[in-house]
Amino acid sequence: MSSLNQSIDAAGMTDAGTVREHNEDAFLVRNDLCLFMVADGAGGHNAGDIASKLAIKSIENFFEATESVAKTRPERDRFGLMTQARRLAAAVQKANADVMEISRSFEKRKGMGTTVVVAYLRPSWNRLYLAHVGDSRCYRVRGEHVEVLTHDHTILNDVMEMRPDVGDDVLARLPRSVVTRALGMGERIRVDLRAFVLVPGDRYLLCSDGLYRDLPEDVLFETLRITAEPEEVAQRLIALGKKAGGGDNLTALVFDCVRLGKPSHDKQGADSSSTRRKTASAPEILLLGIESDVDIQPTGEVQILPSDAYDAEVRQAVEDFVSPLRPDHAALPIDLTKTSQCGACGEQIPVGARFCPYCGAPRKT
Numbered sequence: 610m611s612s613l614n615q616s617i618d619a620a621g622m623t624d625a626g627t628v629r630e631h632n633e634d635a636f637l638v639r640n641d642l643c644l645f646m647v648a649d650g651a652g653g654h655n656a657g658d659i660a661s662k663l664a665i666k667s668i669e670n671f672f673e674a675t676e677s678v679a680k681t682r683p684e685r686d687r688f689g690l691m692t693q694a695r696r697l698a699a700a701v702q703k704a705n706a707d708v709m710e711i712s713r714s715f716e717k718r719k720g721m722g723t724t725v726v727v728a729y730l731r732p733s734w735n736r737l738y739l740a741h742v743g744d745s746r747c748y749r750v751r752g753e754h755v756e757v758l759t760h761d762h763t764i765l766n767d768v769m770e771m772r773p774d775v776g777d778d779v780l781a782r783l784p785r786s787v788v789t790r791a792l793g794m795g796e797r798i799r800v801d802l803r804a805f806v807l808v809p810g811d812r813y814l815l816c817s818d819g820l821y822r823d824l825p826e827d828v829l830f831e832t833l834r835i836t837a838e839p840e841e842v843a844q845r846l847i848a849l850g851k852k853a854g855g856g857d858n859l860t861a862l863v864f865d866c867v868r869l870g871k872p873s874h875d876k877q878g879a880d881s882s883s884t885r886r887k888t889a890s891a892p893e894i895l896l897l898g899i900e901s902d903v904d905i906q907p908t909g910e911v912q913i914l915p916s917d918a919y920d921a922e923v924r925q926a927v928e929d930f931v932s933p934l935r936p937d938h939a940a941l942p943i944d945l946t947k948t949s950q951c952g953a954c955g956e957q958i959p960v961g962a963r964f965c966p967y968c969g970a971p972r973k974t
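Heads up: the sequence shown begins at 610 in the numbering used here, then just goes up one per residue.
Just so you know, the hints here were simulated from the structure itself, not pulled from any lab data.
A hint or two may mislead.
[What the hints assert, rightly or not] Simulated restraints, written as ranges between beta carbons of each label pair:
id, residue 1, residue 2, range
1, Ser616, His754, 20 to 26 Å
2, Arg797, Glu826, 30 to 36 Å
3, Gly752, Arg682, 28 to 34 Å
4, Arg785, Glu630, 20 to 26 Å
5, Thr681, Thr627, 45 to 51 Å
6, Asp777, Arg682, 45 to 51 Å
7, Val808, Lys703, 40 to 46 Å
8, Arg782, His754, 31 to 37 Å
9, Glu770, Glu838, 36 to 42 Å
10, Glu770, Gly689, 24 to 30 Å
11, Arg639, Arg687, 27 to 33 Å
12, Lys680, Glu831, 22 to 28 Å
Just so it is clear, CB atoms sit at the ideal spot from N, CA and C, and this is done for glycine as well.
Construct the complete structure from the given sequences, taking the supplied hints into account.
Written as structure tokens, this is what we have:
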């Protein structure tokens, strides 16, 4: 393996927008770990804020704990699978488990969830590993070409894939902002995984849907192409997103690949520009009927919908494939009388919980 010889310049910015009182987005920039993330939370009682921050912290903690071992691993294991892609998938599944635990443990956190898009770089291999769940996106700028590297997990896309016979009149009434995969939706979630070859001069954008929903695509692409530092690009994107509507929280994280080392090729497998996780996991679930007191608003905000939010014709278009897959979200019995104080924020948390549901800090044992 070649020695690390690269520079990744990164910066992120988040804003509540022009309408929302609270910002339920979160992001992480860890140049030392080559780890970058954006999460967009959803849920009542400000639970989305907890979910997004908890997911970010959980994945960050996982990468910190496994970094020393990861440095000794080859690019591919004996099965030909990318070791760092498996590591990334494990981190996201761990974050999902943590969000599920808090959701079960506290009534006010019930039904909370979050999207996530994670980019992990191994510059010594000239590799970018990308994981995402939900509708937060990753864009890549290479030369003058801009492309989306992620596929939105939304009700509209799922209906188009699984029920292409649905009429246009029904499609026209489907909500555009309902995600069909999110952390917190079940014990196991499907994580989209891909690996890309890094090229010097590449620019990447991780963002929540609040940025790209209102901002015209040509404006977004033009802004990404400008010759400027990532911090300035992120600031411009947020300002333009707010000017275009700003009805939802907005987050933009931009990183540039300034200098890269020579790629090393592991003898256990051939080079690949993309890979997907092949192990079985729970299929995507539409967020219906999880929390009945969530208001339905005509904005780009990620929503958790009550089951009667739309008329029978529209719901029937998706219920045929959704209903057999919907998990049981009943809370597990938990003794909330035994608590201890969180060392970070001072709130009371159950003795068995690994994370504080208020600030997301891990319990200190």
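Q.
A range of 36 to 42 Å was offered for this pair. Does it hold for the Cβ distance of Glu770 and Glu838?
A. holds, 39 Å
Q: Starting from the hint 28 to 34 Å, judge whether the C-beta atoms of Gly752 and Arg682 obey it.
A: holds, 32 Å
Q.
A range of 45 to 51 Å was offered for this pair. Does it hold for the Cβ distance of Thr681 and Thr627?
A. holds, 49 Å
Q: May I ask you to test the hint 31 to 37 Å on the CB atoms belonging to Arg782 and His754?
A: holds, 35 Å
Q) Honestly, do Arg785 and Glu630 meet the 20 to 26 Å range at C-beta? A) holds, 23 Å
Q) Honestly, do Val808 and Lys703 meet the 40 to 46 Å range at C-beta? A) violated, 31 Å
**Q.** Hint check for Arg687 and Arg639 - Cβ pair distance inside 27 to 33 Å
**A.** Given a distance of about 30 Å, which is inside 27 to 33 Å, the answer is holds.
Q | Distance restraint evaluation - Glu770, Gly689, Cβ atoms, bounds 24 to 30 Å | A | For Gly689 against Glu770, whose Cβ atoms are near 28 Å apart, the range 24 to 30 Å holds.
Q) Can the suggested window of 45 to 51 Å be confirmed for the beta-carbon pair Asp777 and Arg682? A) holds, 49 Å
Q) Taking the CB of Ser616 and the CB of His754, does the distance hold inside 20 to 26 Å? A) Once the Cβ atoms are compared, 22 Å apart, the range 20 to 26 Å for His754 and Ser616 holds.
(Q) Quick check on a hinted range of 30 to 36 Å for Arg797 and Glu826, using CB atoms only. (A) holds, 34 Å
Q) At the C-beta level, are Lys680 and Glu831 separated by a distance inside 22 to 28 Å? A) violated, 39 Å
Checked against the numbered hints above, the structure violates hints 7, 12; every other hint is satisfied.
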